[in-house]
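Fit chain B to the known structure of chain A by using the hints.
For the record, the sequence lines run as chains A and B.
Sequential numbering from 1 applies to the first sequence in our numbering.
Sequential numbering from 1 applies to the second sequence in our numbering.
Rather than coming from a laboratory, the hints here were simulated on the basis of the structure.
One or more of the hints may lead you astray.
So the derived label-pair ranges between C-beta atoms look like this [claimed, not checked]:
no., chain 1, residue 1, chain 2, residue 2, range
1, A, 294, B, 207, 38 to 46 Å
2, B, 306, A, 54, 38 to 46 Å
3, B, 98, A, 247, 36 to 44 Å
4, A, 41, B, 247, 28 to 36 Å
5, A, 251, B, 17, 30 to 38 Å
6, A, 39, B, 206, 53 to 61 Å
Covered by chain B, per the in silico footprint, the following chain A stretches (three or more residues, Cβ under 8 Å) [claimed, not checked]:
no., region
7, 159 to 173
8, 181 to 187
9, 236 to 250
10, 280 to 286
11, 305 to 319
Cβ atoms here follow ideal geometry from the backbone N, Cα and C, with glycine treated the same way.
Chain by chain, the residues:
Number of protein chains: 2
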Amino acid sequence: MLVPIKAQQQSSSSVKPKKVSVLGSTGSIGTSTLEVLRMEPKSFQVESLVAGDNLELLVNQIAEFNPQAVAIRDPDRVGELTELLKSRNLPLPQIGAGAVEIEALAGGDASHIVVAAMVGMVGLRGVLAALHAGKRVALANKESLVAGGKLVEGALKEGKGELIPVDSEHSAIFQVLQGERMVNLSGITLTASGGPFLSRSRQQLKSIRPEDAVKHPRWRMGAKISVDSATMFNKGLELIEAHWLFSLGSDAIEVVIHPQSIVHSLIKLTDGSQFAQLSLPDMKGPIAYALTYPDSRLSAIMPPMDLCALGSLTFIPLDPLRFPAIAMARSALTSGGAAPAVLNLANELAVSYFFQGSLTFDQIDAFVAAALEEFGTLNYASIEELEQIEAQLRRELQPGFIAKD
Amino acid sequence: MLVPIKAQQQSSSSVKPKKVSVLGSTGSIGTSTLEVLRMEPKSFQVESLVAGDNLELLVNQIAEFNPQAVAIRDPDRVGELTELLKSRNLPLPQIGAGAVEIEALAGGDASHIVVAAMVGMVGLRGVLAALHAGKRVALANKESLVAGGKLVEGALKEGKGELIPVDSEHSAIFQVLQGERMVNLSGITLTASGGPFLSRSRQQLKSIRPEDAVKHPRWRMGAKISVDSATMFNKGLELIEAHWLFSLGSDAIEVVIHPQSIVHSLIKLTDGSQFAQLSLPDMKGPIAYALTYPDSRLSAIMPPMDLCALGSLTFIPLDPLRFPAIAMARSALTSGGAAPAVLNLANELAVSYFFQGSLTFDQIDAFVAAALEEFGTLNYASIEELEQIEAQLRRELQPGFIAKD
Chain A
1 MLVPIKAQQQ SSSSVKPKKV SVLGSTGSIG TSTLEVLRME PKSFQVESLV AGDNLELLVN
61 QIAEFNPQAV AIRDPDRVGE LTELLKSRNL PLPQIGAGAV EIEALAGGDA SHIVVAAMVG
121 MVGLRGVLAA LHAGKRVALA NKESLVAGGK LVEGALKEGK GELIPVDSEH SAIFQVLQGE
181 RMVNLSGITL TASGGPFLSR SRQQLKSIRP EDAVKHPRWR MGAKISVDSA TMFNKGLELI
241 EAHWLFSLGS DAIEVVIHPQ SIVHSLIKLT DGSQFAQLSL PDMKGPIAYA LTYPDSRLSA
301 IMPPMDLCAL GSLTFIPLDP LRFPAIAMAR SALTSGGAAP AVLNLANELA VSYFFQGSLT
361 FDQIDAFVAA ALEEFGTLNY ASIEELEQIE AQLRRELQPG FIAKD
Chain B
1 MLVPIKAQQQ SSSSVKPKKV SVLGSTGSIG TSTLEVLRME PKSFQVESLV AGDNLELLVN
61 QIAEFNPQAV AIRDPDRVGE LTELLKSRNL PLPQIGAGAV EIEALAGGDA SHIVVAAMVG
121 MVGLRGVLAA LHAGKRVALA NKESLVAGGK LVEGALKEGK GELIPVDSEH SAIFQVLQGE
181 RMVNLSGITL TASGGPFLSR SRQQLKSIRP EDAVKHPRWR MGAKISVDSA TMFNKGLELI
241 EAHWLFSLGS DAIEVVIHPQ SIVHSLIKLT DGSQFAQLSL PDMKGPIAYA LTYPDSRLSA
301 IMPPMDLCAL GSLTFIPLDP LRFPAIAMAR SALTSGGAAP AVLNLANELA VSYFFQGSLT
361 FDQIDAFVAA ALEEFGTLNY ASIEELEQIE AQLRRELQPG FIAKD
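Chain A on its own, in the form it takes in the complex (with noise of 0.2 Å):
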């Protein structure tokens, strides 16, 4: 090689098998990261497992991964996890269950990585526990961070744990940075698929049901985010976190639709050259990438990508009428406090109010944006407070909430 580029060496914590942790082993991207794993024993060892309501595959994946220790959401289904367990002559990990046992559980465990995967606020405490305990965090758990910056900022300053983003988009962008001086950084952008009703104006936005809403056009994702994806409220939480991640303000992170989601997310560099991360979709991308940095990538871990078989990568700007979602966002992002928090909580609950047939598909927008008006300006200082405000919000933001307006 003529050009002067460093060989890195390879760090030599590879050598050993890094213990990794899935909170949110059931959903989307605790299995993808499992299968990522699965991919590579030499490299990993799975120490425990959190997941919600899936019993059934969280005992597939004991038996699988034999972790030493496992949580549960609900405490009153311990036995009948016992039980299942028994019934395959599995041998019983440590079992655990409740906010509390999870939290205690991503910062006392063996683990060096905790992958966040856990879907809305819930994943916080776990993630704040586990950078305390000077761990990696491979968060995909983007909620936490939007709720919770300040904190994760705070725990990050403190101890020796790190955060790598798990995010299609941000780890876009984190790759690409990684040669450059930050100096050189005047913004980024963030592409959005557009989502299955791009299509659609907003009149005819009444009439999507939930099971049309979770049917994505390009990604294999979750029922929430797949809302999230359509509402474009996805892409608003992660213009916050993109702010958060890499210190840019809400000027500096614009956001394009890129129906094909082949380019991942976008830098501009100050001379007016811009870098972009490409791959066909799939999470198990930036999942290694966030487990493995900054070692080398693991193989073929996604499928090839043939440039001329896709043909044509278009971007089209967002129409801010269409999607104020972002608008919220932004706006959000500006009044800083619990502005986000409530940005996203409100979004939670809109869209379970909307799966549960109490709001239409078009009124998860109203629904925040009445929430921000009423609730923007508050504020806090720990999790305590911030926890806080989401249970008042949990009251006070019931589905009849927007008929206020």
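Relative to chain A, chain B alone:
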């Protein structure tokens, strides 16, 4: 910032202006280089200029940049240059002329960086002299690397010189490789605009006139490189250049047609991910990068790029029958020895015969193919042997040479 990206230190050498020598200052890359240097007088100082026949422009450049030394290709025109300078009351720099004095200047002046932007094989001795003298060579003269790759490799191994690519494709690859482990690199994709005649059949190529061939759809560039872009020999030379720069075999280098010339090239990583560098087509970007690397980028060197305004980026497979230059380049690369030099010089001569009217456009391919057939097994071990081969080829590869087939 929450992600672990180290803030790289600015090298202390950036405090004093770096002295720059521009070989080929009146050509397209040369004038773009001076545009960059004009923008950053605190960072750079023109130490010397080397030009071909455009003495009028050279005199204007001398008047503006006040170099310590200049050299021109033709020793018979030194008197003319001196008169032009005197008539404008300009202080006389040291003036040299001819290949030997150009080489002496490239190795012997006080410059830190030599921008090698002369067209054709003539630049090789200057490149080697600058590398032997421990300078940085910003390489725009791909022909010198194609013809004398082995010699450039030798000069880099023995000394403190360094080579930074200026071709937009190789600069793109070099830029996005910065943060990556070389062990992760599985290949690259060179993008090609396809040139002005992409939609014409091989039958229709016969009628192309020199004045058609220099109209490139995307890039403003010199006459020879415009023809090379239309025949795709430019991309063939870049393929061989990439082999030397990045230690890649022919199989690891893909060529894809990308008519918009926005994605300047891509790297393929072992996990299935790809990185691309994008910008509006403007050679000031890669030139400035080669001048400043690894310090901060210069600001606003290129106009900002709006993906949505571009709308669509397309990628088309290269038809190997339509563009035999690529297969010839791969074959020359695999043959090794002097084969790439033969390909390069045969193409250089064929293009000059095309401009003289002694070859038609469609005969350029056949001319090069015949030359490779006849001389492709030659080898060389020194610059002198390579120059003997060059002299022999210049004698034998007359326009009539092709008639033998």
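We went through each hint and held it up to the structure:
A C-beta distance of roughly 56 Å is found between residue 294(A) and residue 207(B), which places it outside the suggested range of 38 to 46 Å. Our hint of 38 to 46 Å for residue 306(B) and residue 54(A) holds, since their Cβ atoms are close to 44 Å apart. For residue 98(B) and residue 247(A), the Cβ-Cβ distance of about 55 Å falls outside the hinted range of 36 to 44 Å, so the restraint is violated. The hinted window of 28 to 36 Å between residue 41(A) and residue 247(B) holds, with their beta carbons roughly 32 Å apart.
Separated by about 33 Å at the C-beta atoms, residue 251(A) and residue 17(B) satisfy the suggested range of 30 to 38 Å. For the pair residue 39(A) and residue 206(B), the supplied restraint of 53 to 61 Å holds, since their beta-carbon distance comes to about 55 Å. Here the region 159 to 173 of chain A counts 4 residues with a CB under 8 Å from a CB of chain B, which clears the bar of 3, and the coverage holds. Against chain B, the region 181 to 187 of chain A contributes 4 residues with a C-beta closer than 8 Å to a partner C-beta. That satisfies the three-residue criterion, and the hint holds.
Check result for the region 236 to 250 of chain A against chain B: holds, 4 residues qualifying (beta carbon to beta carbon below 8 Å, three or more required). Only when three residues or more bring their CB closer than 8 Å to a CB of chain B does the claim for the region 280 to 286 of chain A stand; here the count is 3, and the claim holds. By the rule of at least three residues with a Cβ nearer than 8 Å to a Cβ of chain B, the coverage given for the region 305 to 319 of chain A holds, with 11 such residues.
Checked against the numbered hints listed earlier, the structure breaks hints 1, 3; every other hint is satisfied.
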